[in-house]
Every structure is written in C-alpha cells, then in structure tokens.
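Colleague: Given next are the chains, with one letter for each unit.
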Amino acid sequence: MTFFYISAAVALISSVLAISRSNAVHALLYAIVSLLSVALIFFMLGAPFAAALEVVIYAGAIMVLFVFVIMMISSGPGSTQQERRWMNFRLWIGPSVLSAVLIIELFAVISPPREPMSAKPVIESKQVGIALMGPYMLGVELSSLLLTAGLVGAYHLGKRKDDAAQTEDVTIHD
Amino acid sequence: MLGTLRSIWNVFLHLWHKKETVQYPEEKPYLPPRWRGRIILSRDADGGERCVACYLCAVACPVDCISLQATEDEHGRRYPEFFRINFSRCIFCGFCEEACPTYAIQLTPDFEMAEYKRENLVYEKEDLLISGPGKYPDYNFYNVAGTSIAGKDKGEAENERPPVDIRSLMP
Amino acid sequence: MNVLIGIIVPLGILFSVLTVAAGLIWLERRLLAFWQDRYGPNRVGAYGLLQPLADAIKLMFKEDWVPPFSDKPVFILAPIVIVITVVLAFAVIPFAPGIVVIDLNVGLLFFLGMSSLGVYSVVLGGWASNSKYSLLGGLRASAQMLSYEVFMGISVMGVVMMAGSFNLGDIIEAQRIGWFWIPQFFGMVIFIIAGLAETRRLPFDLPEAESELVAGFHTEYSGMKFGLFFVGEYIGITLVSAMIVTLYFGGWLGPFLPPIVWFTIKTFLFICGFILLRAAMPRPRYDQLMSYGWKILLPIAMANLLITGALLLRAM
Numbered sequence: 001m002t003f004f005y006i007s008a009a010v011a012l013i014s015s016v017l018a019i020s021r022s023n024a025v026h027a028l029l030y031a032i033v034s035l036l037s038v039a040l041i042f043f044m045l046g047a048p049f050a051a052a053l054e055v056v057i058y059a060g061a062i063m064v065l066f067v068f069v070i071m072m073i074s075s076g077p078g079s080t081q082q083e084r085r086w087m088n089f090r091l092w093i094g095p096s097v098l099s100a101v102l103i104i105e106l107f108a109v110i111s112p113p114r115e116p117m118s119a120k121p122v123i124e125s126k127q128v129g130i131a132l133m134g135p136y137m138l139g140v141e142l143s144s145l146l147l148t149a150g151l152v153g154a155y156h157l158g159k160r161k162d163d164a165a166q167t168e169d170v171t172i173h174d
Numbered sequence: 001m002l003g004t005l006r007s008i009w010n011v012f013l014h015l016w017h018k019k020e021t022v023q024y025p026e027e028k029p030y031l032p033p034r035w036r037g038r039i040i041l042s043r044d045a046d047g048g049e050r051c052v053a054c055y056l057c058a059v060a061c062p063v064d065c066i067s068l069q070a071t072e073d074e075h076g077r078r079y080p081e082f083f084r085i086n087f088s089r090c091i092f093c094g095f096c097e098e099a100c101p102t103y104a105i106q107l108t109p110d111f112e113m114a115e116y117k118r119e120n121l122v123y124e125k126e127d128l129l130i131s132g133p134g135k136y137p138d139y140n141f142y143n144v145a146g147t148s149i150a151g152k153d154k155g156e157a158e159n160e161r162p163p164v165d166i167r168s169l170m171p
Numbered sequence: 001m002n003v004l005i006g007i008i009v010p011l012g013i014l015f016s017v018l019t020v021a022a023g024l025i026w027l028e029r030r031l032l033a034f035w036q037d038r039y040g041p042n043r044v045g046a047y048g049l050l051q052p053l054a055d056a057i058k059l060m061f062k063e064d065w066v067p068p069f070s071d072k073p074v075f076i077l078a079p080i081v082i083v084i085t086v087v088l089a090f091a092v093i094p095f096a097p098g099i100v101v102i103d104l105n106v107g108l109l110f111f112l113g114m115s116s117l118g119v120y121s122v123v124l125g126g127w128a129s130n131s132k133y134s135l136l137g138g139l140r141a142s143a144q145m146l147s148y149e150v151f152m153g154i155s156v157m158g159v160v161m162m163a164g165s166f167n168l169g170d171i172i173e174a175q176r177i178g179w180f181w182i183p184q185f186f187g188m189v190i191f192i193i194a195g196l197a198e199t200r201r202l203p204f205d206l207p208e209a210e211s212e213l214v215a216g217f218h219t220e221y222s223g224m225k226f227g228l229f230f231v232g233e234y235i236g237i238t239l240v241s242a243m244i245v246t247l248y249f250g251g252w253l254g255p256f257l258p259p260i261v262w263f264t265i266k267t268f269l270f271i272c273g274f275i276l277l278r279a280a281m282p283r284p285r286y287d288q289l290m291s292y293g294w295k296i297l298l299p300i301a302m303a304n305l306l307i308t309g310a311l312l313l314r315a316m
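Chains as they are written, first to last, in my numbering: chain A, 1 to 174; chain B, 1 to 171; chain C, 1 to 316.
Rather than coming from a laboratory, the hints here were simulated on the basis of the structure.
Where a beta carbon is used, it is the ideal one built from N, C-alpha and C, also for glycine.
Where hints are given, some of them may not hold.
Unchecked claim - Across the chosen pairs, the derived CB separations fall in these ranges:
| hint | chain 1 | residue 1 | chain 2 | residue 2 | range |
| --- | --- | --- | --- | --- | --- |
| 1 | B | Arg6 | C | Arg285 | 45 to 53 Å |
| 2 | C | Glu63 | B | Leu121 | 22 to 30 Å |
| 3 | C | Tyr47 | A | Ser143 | 25 to 33 Å |
| 4 | C | Ala56 | B | Ser131 | 16 to 24 Å |
| 5 | A | Gly129 | C | Glu63 | 52 to 60 Å |
| 6 | C | Pro258 | B | Leu31 | 49 to 57 Å |
Stated by the list, open to error - With a straight-line Cα cutoff of 25 Å, these simulated DSS-like cross-link-like pairs (lysine-lysine) come out:
| hint | chain 1 | residue 1 | chain 2 | residue 2 |
| --- | --- | --- | --- | --- |
| 7 | C | Lys58 | B | Lys117 |
| 8 | A | Lys159 | C | Lys295 |
| 9 | C | Lys58 | C | Lys72 |
| 10 | B | Lys125 | B | Lys28 |
| 11 | B | Lys18 | B | Lys28 |
| 12 | C | Lys62 | B | Lys117 |
| 13 | B | Lys125 | B | Lys135 |
| 14 | C | Lys72 | C | Lys132 |
| 15 | C | Lys72 | C | Lys62 |
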C-alpha cells in the first residue's frame, strides 16, 4: 500500500508541475513522469498489460510526438515569458477551487473501509484480448473506424496539391 | 536488395584480405632515394662547404622558412655565416633543392623529426651540415666554375681555358 | 539462498552487460578495421584489449563542459536516461533457465516500453543543447525512432501469437519444436531493421549523421556525458542482439553446450552482424528512411501479422 501512495503522490505532484511549468518542455517531462507513475499504479493493481501499454503508447509514443511538435515550434525564452504572464493568479484560482471540490468529493466517496488492494488477481493479456474481442467488440470496431477516419484525414491534409511535388517523388532503389 | 546483400558479403570477405597498414615503429616503410624529407647542407668530396650563400633557396621557398647571411673568407670564397631552416614551417616541397646552383641543399629520405618543443624544430647550420657530398658524390662547384678561390686560380677549372690577357695584343 | 540468488543474478547481469559494452568499443573498432583492411587499435595491452580502459580514462579526465546556453537540468538528464532505459530492459531477458532478473509476464512489452522511453534521451539531449545541429538531430531521432517502433511492435506480434505469451521465457520454451526465424522470417527481418533504427546504428544513424550534422544530438556533449551516450548505444546493440536471439533464434536452446553459452554465442554473432552492417551499408537520405519504413516495412509487417494469424486460426 505504501508503494501505491508513493506513486500516487508522484503522479499528483508531477501532474500539478506539468500544468504550472512555464517552459513547455519541462512541463512535458513532468507529464511523462506522471504517466509513468500511473503505469506503476496499474502494475501494482494487477494489470501489467495496461501498465506496459501505458508506457509504450502514452509515454513512449504520444508524448514523443508532443515533444517533437514543441521542439519544432518553440521559440526560446520569449515563449517562456509569455507563459509566465498567462499563468496569473486570477486565471487559475477558479478552476483550482472547482477541481479541489471534486477531489474532496472523491475522497468522501472512497473513504469507507474497503478490502486491501494487494489481493487483486493479475489480469493477463489473454483476458484483455478476450474482453476486447468479446463484450467490447463494438467499441473496438468504432475506435478502429475513428482511427481509419483520422488516417484518411491525415493523408488528405498531407497530400500536396501542386504538380511540382511529382517531380521530387522519391523511391528506394536497392 | 540482392546487391545490398552482395556488398555486405564482399565487405565480410575483407576479413581475410592483406592488411594495408604498416606497423610503423617496428616496421619501417620503404622510402625512395628521392623522398623529400629532412633538409641537409652537403659538402664537397674534399670537405669544403658547397653552399655559396646565393639566397636562391630562400627566394624559392614558398613559406619563407630558410634564412641565411652571406659572408666571405679571406680568399673571396662565399659561404653562409648562418643558415637557419625553420622546420615547423617547411612544407618539404623541394623547391630549394631545385633552385640550388651548387647541389648544396638537398632533401633526404628521413621524416622522423618530431619534437616536443616547437623551438627545437629550428635547425641551425651545424645541425644541417653533413660531412659527405649527399646525392652527387663527384660534383664540385668550384671545379666547374670560373671564380678563383684559395688553391685554384682562374682558368684552372675543368674544361676551362686560361683567361685571356686583355692587355696583350696577341690573338 | 533465494535472497542470495536474487542479489547475485542481477549484479552478475549488470556487470557482464557493462563489461560487454566496454568490450564492444574495442571489438567494433577492431572488426571495422579488419573489414577496411586495417588492424585497428592493437597497442594498449595484448591485441589492444585495454583500449576501452584508455578511452575511459581519457573521457573521465576531459573537461566536463555544460554549455552556458543549454538547458542545464535537461542537458544532464539526457545521457542518464538512455543508460537507465537500456540497462533496465535487460532485466526481462532470460540468459538461461533461471538466470533472469524479473520473470515478467509482459516481458516483451516491457522491452518495447523501455526502448520507446530511450527516445527521450536523444530528443531531450538534442533540444537541451540549444544548438541547431543538435536540434535537427533530436527532431530526426524522434521521428525515426517513433516510426520504427511501430514496425518493431507489429513485427514481434507474430512471435507472440505463435508462442501465446508475452513472457520471454515462454517464448523460448515455445521454440523447442523449431526456431521462429523460419516461420517468422519477414518478422525477423523487420525486427532487425527496426532494431537498427532504434539503437541509431549505421546505416540508420541519421540523428548523429556526422557528415551532415557534425555529431547530431550529442554535438555539445563532452567528457563522460558523451561517454554515457556511447555506453548506452553499445548496451543497446547488445540488447537488440539478445532480443533477436530470444525471439527468433531459440534463446538458450541448443545441443551439448550449457544454455548460457549458447545464448552468448548467438548474441555475439548478431553483434558482429550489426558491426558488419555498419561497415558495409551507406546511410540513406532522411526521406528515403521515412518512405522505406512507412511504404515497405509497414505493409510487410501487417501482411506478416495477418497471415500468421490466419494460419494459426486454421491450425486450431
């Protein structure tokens, strides 16, 4: 249980820091730490498959894309100054109070004594697969449709419209 | 794809090829006699300095690494008072050897002249002067030149007729 | 007794992995030299075997310079991340029956996760250096490693389907009837190519591309921080070779010799193969790398996955 609380605390603190850093890359680093600690929590709750996917997909792929984009558009100290101006007290106090209310509510809901978490059975990847292809089949198909739509959209956006692009079409010769 | 695999295989076969490296300090490389290495000043077969301090080498040098000062002995034979080559600037082009009218300055097949201190690369005359005639053992400038020096007057050189007595009316 | 083994095995694996990484510095330079008709380092110690020691001493005593224009905490963090991720990934690799740090039931996913976290080292190192060549190297690294991770993940799924488990020990046991490189030949080829790209080895070393980007993402690094990037790269080669052996070449399976010896021999052969690729292959252009990955490797990996699944279903 101590390990759970430690990683939960790490997740909370790093999430707060991820919001409050004015340097975008530092904020992303904290977001990655937050994701990793969430993965550790998954692992301790007996869901190693979900934990591994959290690391591979969220921390390893999606956040790299975030870093990539921020590296492409970041403009050095100027943007940090701008961020710092935007982070003023009057703007963040409202959402913080509201979410604090939510957190208190959450604690009130989960506060009654419950059975210890350590006795949870381990969920194997096979069970995850069976669940996805069984009762949640519709959800998987819907999300795959969504991804296909996203792929087609990305292809459309990335397609060049001018004819000049055709001359520099590149193929690999062996 | 097949070409890539073939090139990988060919590179692999190089494991058994002969190595091109010369294991230098143990195994010396072959240096041809005309190798342009360390510069020396040579002497005639009878032991006289060949250099006549004509400055042609210093003029020919593209990096100005040769400096010398001419002087004469009591018989009118020219020789360098000092002769200094700065090997930290020398590029071993051999132009000085080509320019030299007396075969005095020569380049030798030797390159092992590394030093820890840069000043040690400045060679003085006593460092440059060797006791032998170098690549041209029989050559002696004064044996073919018309100038008079101690022990040899005008007209006594090889293939040289006695000087014309301009005050005489005889043909 | 169990506690003792629990301490000795991880320490032994850590020690041998670091030793192998140091030895690879010498091995790679020697082998590259042989393939280029040279001798390579042969002066320090017998056959130049102490060369890594000399290199380490040199790196330790170099000035450890952190550029004043860099983002200092991230700059220092980057080389640490790469070494930690590749060493952690070794925890799930079974060297022999019983010789494994953690017998994780999602071991293969753990490896994939660690190799994807290794990207951050290169990307953040390139960004924190705050110089244009480093930034370009970091950008290239993030795009390249993100793309090739996709093919790597898809290509190993064929093995997972045939073995029915993510546990690397189970995958090796499933190869008793036949090593997976024959049925999963295309998967193996894609995994090797993607592994090359993940470790940023030649011919896929575009993030550091000496002839274009000075030294790419580690242009501004010096001393032991630079050394850590190299240690990470060499451990990465060992890691990918060990993974190829585990997934496709039967791991520690083999006749006569003890299992650990078989594992070592196979891994060593693949490490030499990586060095041979470095000696023989030119570096592709960046757009070639990307189109090669997305237009050739991805369809092959997908088709491999589909056919493997169909055949397995039919066999059932």
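Colleague: Taking 25 Å as the top limit, are the C-alpha atoms of Lys125 (chain B) and Lys135 (chain B) close enough?
Modeller: holds (19 Å)
Colleague: Is Lys58 (chain C) close enough to Lys72 (chain C), meaning Cα to Cα at most 25 Å?
Modeller: Satisfied, since the Cα-Cα distance of roughly 23 Å is no more than 25 Å.
Colleague: Tell me if the beta carbons of Tyr47 (chain C) and Ser143 (chain A) are separated by a distance inside 25 to 33 Å.
Modeller: About 58 Å separates the Cβ atoms of Tyr47 (chain C) and Ser143 (chain A), which means 25 to 33 Å is violated.
Colleague: If I claimed the Cβ atoms of Glu63 (chain C) and Leu121 (chain B) lie 22 to 30 Å apart, would that claim hold in this structure?
Modeller: Roughly 29 Å apart at Cβ, these two residues keep to the hinted range, so it holds.
Colleague: Regarding the pair Lys72 (chain C) and Lys132 (chain C), is the alpha-carbon distance no greater than 25 Å?
Modeller: Holds, because 17 Å separates the two Cα atoms, which is no more than 25 Å.
Colleague: Holds or violated: are the alpha carbons of Lys72 (chain C) and Lys62 (chain C) at most 25 Å from each other?
Modeller: It holds: about 19 Å lies between the C-alpha atoms, which stays within 25 Å.
Colleague: Assess, step by step, whether the Cα of Lys159 (chain A) is no farther than 25 Å from the Cα of Lys295 (chain C), and give holds or violated.
Modeller: Holds, at about 15 Å.
Colleague: So does Ala56 (chain C) sit 16 to 24 Å from Ser131 (chain B), Cβ to Cβ?
Modeller: Given a distance of about 51 Å, which is not inside 16 to 24 Å, the answer is violated.
Colleague: For the pair supplied as a hint, Lys125 (chain B) and Lys28 (chain B), confirm whether the alpha-carbon distance does not exceed 25 Å.
Modeller: Violated, because 28 Å separates the two Cα atoms, which is more than 25 Å.
Colleague: Does Lys117 (chain B) sit within 25 Å of Lys58 (chain C), going by the straight-line distance between their CA atoms?
Modeller: With Cα atoms ~23 Å apart, Lys58 (chain C) and Lys117 (chain B) stay inside 25 Å; holds.
Colleague: Is it true that the C-beta distance of Gly129 (chain A) to Glu63 (chain C) lies inside 52 to 60 Å, as the hint says?
Modeller: With a Cβ separation near 54 Å, Gly129 (chain A) and Glu63 (chain C) satisfy 52 to 60 Å, so the hint holds.
Colleague: Next pair to validate is Lys62 (chain C) with Lys117 (chain B); report whether the Cα-Cα distance is within 25 Å.
Modeller: holds (23 Å)
Hint compliance for this structure: hints 1, 3, 4, 10 are not met, and every other hint is.
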